[in-house]
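Trainee: In case you want the letters, here they are:
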Amino acid sequence: MNAISTRGLTKTYERGRVRALDGLDLAVPEGSVFGFLGPNGAGKTTAIKILTGLIEPTSGEAEVAGERAGDTSPRWRAQIGYLSQEPRFYPWMTGRELLVFAGRLFGVGRAAAGRHADELLEMSGLASAATRRVGGYSGGMVQRLGIAQAVVSDPRILLLDEPCASLDPLGRRDVLEFIARLRGRATVLMSTHILEDVERVCDTVGIIHQGRMVVTAATAELGQKFAPPVIVLEFETVAAAESFDASWRAAAQAGRTTVDGRSVDVQAADLAAARSAVLAAVAARQLPLVRFDTRAASLEDVFVRLVGGRP
Amino acid sequence: MRSRVFPVLLAKELREQARSYRLLALGLVFVFFGLASPLLAKFAPEIVRSMTAGQGVEIRVPDPTAADAIVQYIKNISQIVLFVLVFLTMGSVVAEKERGTAVFVLVKPVSRSSFLGAKLCTLWLLTTAGFVLSALCAYAYTAVLFAPPPVAGFAAAGLLLLLHVLTFVTTTFFFSTVARSQVVAGVLSFLVWILLSSLGGLGAAGQFLPSRLLSMSLEVSLGAPASWEPLVGSAALIALALFGALVAFRRWEP
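First to last, the sequence lines map onto chains A and B.
According to our numbering, the first sequence is numbered sequentially starting from 1.
According to our numbering, the second sequence is numbered sequentially starting from 1.
Just so you know, these hints were derived from the structure itself, not from any lab.
Since the structure is predicted, the reported quantities are computational estimates derived from the model, not experimental observations.
Where hints are given, some of them may not hold.
What follows is a list of derived Cβ distance ranges for each label pair [unchecked claim]:
| # | chain 1 | residue 1 | chain 2 | residue 2 | range |
| --- | --- | --- | --- | --- | --- |
| 1 | B | Ala18 | A | Thr72 | 25 to 33 Å |
| 2 | B | Ala11 | A | Arg115 | 55 to 63 Å |
| 3 | B | Phe243 | A | Glu122 | 42 to 50 Å |
Here a beta-carbon is modelled for each residue, glycine too, at the ideal position from N, C-alpha and C.
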């Protein structure tokens, strides 16, 4: 069963001149951690705002927790937690006051909201800053507070727009571990442009481009399904790597190449044939090869292949 | 749940006013003009005499009365204090839209009408409390410096003046809801205030304008009966501003 689904979701601005979403079809299974991946301006934030009910679609349908997205009933809203891309909170409140206020908006009494706020501050590593005003928090602390307020109602569905933005590596690790712990207990949809984060915690990935869903698949299967395996070459010098790339392209060999310093990745639809061709090309030019390996396609390979660029 | 949310929002608004010192500033302004108005009326003749002393000019100023103190009070509240109120109100909604804090609240089980309602109630509550405090100061000081004005007439005049102030606080609130920046909200609010204050001579239609409440306020304090036209006109303007604000805010997309 899907916790979140959209059908033909469209959102236009400026009297139809700008098309942020163009018939988006999305299905997020209940209990999964769904990575919503796409380049800047692909429509991720617009889609999430529609799912929260903050904005209305121009056409199409969106369903969250079994109800039409935008249902203003308190019961529906209580099931959804949301972290915006650039969370902003009242700078005059302390971190604790903000979480108590957020809890009380869900109808929780003052004492219970206070106890829960203390737990959340502990969980998000903000206990020592609980009585400091939010206006004095760093970007990373605001982001942690944002995640804490998103889960204040213990929601069934969590919509996180770039949850790891502004976080240092340790903060990022903590947030990803927290998201991973929610698997099975809540449905998480997180938008991101960090492929490594998706590979680390998401069990399903949806790649969105120009307002349309390009592909949705299990993270583990994505590489096998949508991008061929990769032959990894490492040369002694950068010049050797560039020379190989030039000769490979000049010979119009099948398999797209990516050069990164002394390394060259060759995508190979037919691995056996490509392996022979690569070795023949290296031998013909007597290039100093130090490493020859094969690996399954990564999420980045899939992304580059489907969208034509890095996220 | 919604009925439980409104007091939470209201408490947050009141706390915000206190923490940002707007509550203190508003209280001081109201009390200051409540006390200063009778004082200015009392010493106006002496101020005029001291300004013209030694210039060979003699200006005869009649001895001030309690009515002069009330006129001064009405002028100060409807001009200087209202200016401060418009300034403090113009950012009430648009600032939250600009900063992004409105989104944090609106994704919780909070309806847009509750969000606006709590803000408007706070504005009305603080304005009314400040006004009552200021009116008490003005009445007491007028009684000390002149003679106690008739309580019923003063109270009726005060209610009309308060309605005038609340009308323009509400139109400012409307512009704060529909505008995209605090500056635009402020400029539009002041324009409408000036426009409606300068159209008093529109014949029969002018009787319905909120500015008519000011002259009526003085008349009522002197014992004249109130007419219904400016009451209806002001109430209609408030209702229109509230309806417009609600429709605009429900359509707002962050």
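Trainee: Within 25 to 33 Å or not, the Cβ separation of alanine 18/B and threonine 72/A?
Mentor: holds (30 Å)
Trainee: Between phenylalanine 243/B and glutamate 122/A, is the Cβ distance one that fits in 42 to 50 Å?
Mentor: Distance hint for phenylalanine 243/B, glutamate 122/A holds at roughly 46 Å.
Trainee: Does the Cβ pair alanine 11/B, arginine 115/A satisfy 55 to 63 Å?
Mentor: Cβ of alanine 11/B to Cβ of arginine 115/A: about 19 Å, so the range 55 to 63 Å is violated.
In this structure, only the earlier hint numbered 2 is contradicted, and the remaining ones agree with it.
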